[in-house]
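J.: Line by line, the protein sequences give chains F and P. The first sequence begins at 0 in numbering that gives the first Met the number 0 and counts up one residue at a time. The second sequence begins at 0 in numbering that gives the first Met the number 0 and counts up one residue at a time.
Fair warning: there could be bad hints in the mix.
[What the hints assert, rightly or not] Below, computed lysine-lysine pairings styled on DSBU-like, alpha-carbon distance capped at 30 Å: (1) P:K138 x P:K108; (2) P:K43 x F:K87; (3) F:K87 x P:K108.
Keep in mind the hints are simulated off the structure, nothing from the lab.
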Amino acid sequence: MKIVGVAACTVGIAHTYIAQEKLETAGKKRGHEIQIETQGTIGVENELTQKQIDEADIVILAVDVKIAGRERFEGKRIIQVSTEIAVKSPNKLIEKAEQVVNAQK
Amino acid sequence: METNSLFQVYFNSVFKTKEEVFSFLSEIEGNDFYKKREIINLLKEREKVGSTLIAEHVVMPHVQSSLINKSQIVFIHLKKPIKDWDYHSKNVRLVIGILLKENENVQIKKSIASFIRALASEDFVSRLLNSREKEDFTKKILKPLEE
Numbered sequence: 000m001k002i003v004g005v006a007a008c009t010v011g012i013a014h015t016y017i018a019q020e021k022l023e024t025a026g027k028k029r030g031h032e033i034q035i036e037t038q039g040t041i042g043v044e045n046e047l048t049q050k051q052i053d054e055a056d057i058v059i060l061a062v063d064v065k066i067a068g069r070e071r072f073e074g075k076r077i078i079q080v081s082t083e084i085a086v087k088s089p090n091k092l093i094e095k096a097e098q099v100v101n102a103q104k
Numbered sequence: 000m001e002t003n004s005l006f007q008v009y010f011n012s013v014f015k016t017k018e019e020v021f022s023f024l025s026e027i028e029g030n031d032f033y034k035k036r037e038i039i040n041l042l043k044e045r046e047k048v049g050s051t052l053i054a055e056h057v058v059m060p061h062v063q064s065s066l067i068n069k070s071q072i073v074f075i076h077l078k079k080p081i082k083d084w085d086y087h088s089k090n091v092r093l094v095i096g097i098l099l100k101e102n103e104n105v106q107i108k109k110s111i112a113s114f115i116r117a118l119a120s121e122d123f124v125s126r127l128l129n130s131r132e133k134e135d136f137t138k139k140i141l142k143p144l145e146e
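Next comes chain F alone, as it looks inside the complex (with noise of 0.2 Å):
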């Protein structure tokens, strides 16, 4: 399964990296391809392209804040979190993306 996300807290300088980094090791321990993009205190890291939002199964907003570029994932199925618990629960949320992409097939 290909997926794609962004991790944005209010300050963006601490959920937002452990957000993405757990994020993208529950992923990737579930053999999946994951790559989580961060929006802040730096600016946009880990940015996606296009083609990788295009091609992803689905989409995880793990966000407290209002992101930019949020229509590059329009008509995608997303799944959006608080940061919170995307730092709490990252199997689970990988588990519950999966669910909703095998709901769909």
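Assemble chain P onto chain F, guided by the hints.
T.: Just chain P now, with coordinates in the frame of chain F:
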């Protein structure tokens, strides 16, 4: 005690409540009343948005302000756990406070972010929690930055 330009480590510290920790963090750069009040307010505001728990027994209160002169990561290893940090966070044993200067340069922000990413590893956090000596704890903190 300063361990490098970005980190401070306080080992076996005694704090009973979140408020005591916030007060301590607000005094890191001195005793200015206005500054202390502002930092405490910002820390509290962030807590209202959501829990700063990043792993079991570990919280990461953080704040960005123009009143902060020097960005720092402040490790407070607690001698005894804080039983009730908030509704979600019980028996907190390690506080990692982040004080971020407004408009900090990108290299410093990247160093902080890189360290924070390392904290996503349960193994790393567990090693920090299980440190018995300050020296050992400090070595473990610095390891991800050397890699």
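J.: Give a verdict on every hint.
T.: Checked hints:
1. P:K138 x P:K108: Cα-Cα ~21 Å, so holds.
2. P:K43 x F:K87: 20 Å, holds
3. F:K87 x P:K108: Within the cut-off at roughly 24 Å; holds.
Checked against the numbered hints listed earlier, the structure breaks none of them; every hint is satisfied.
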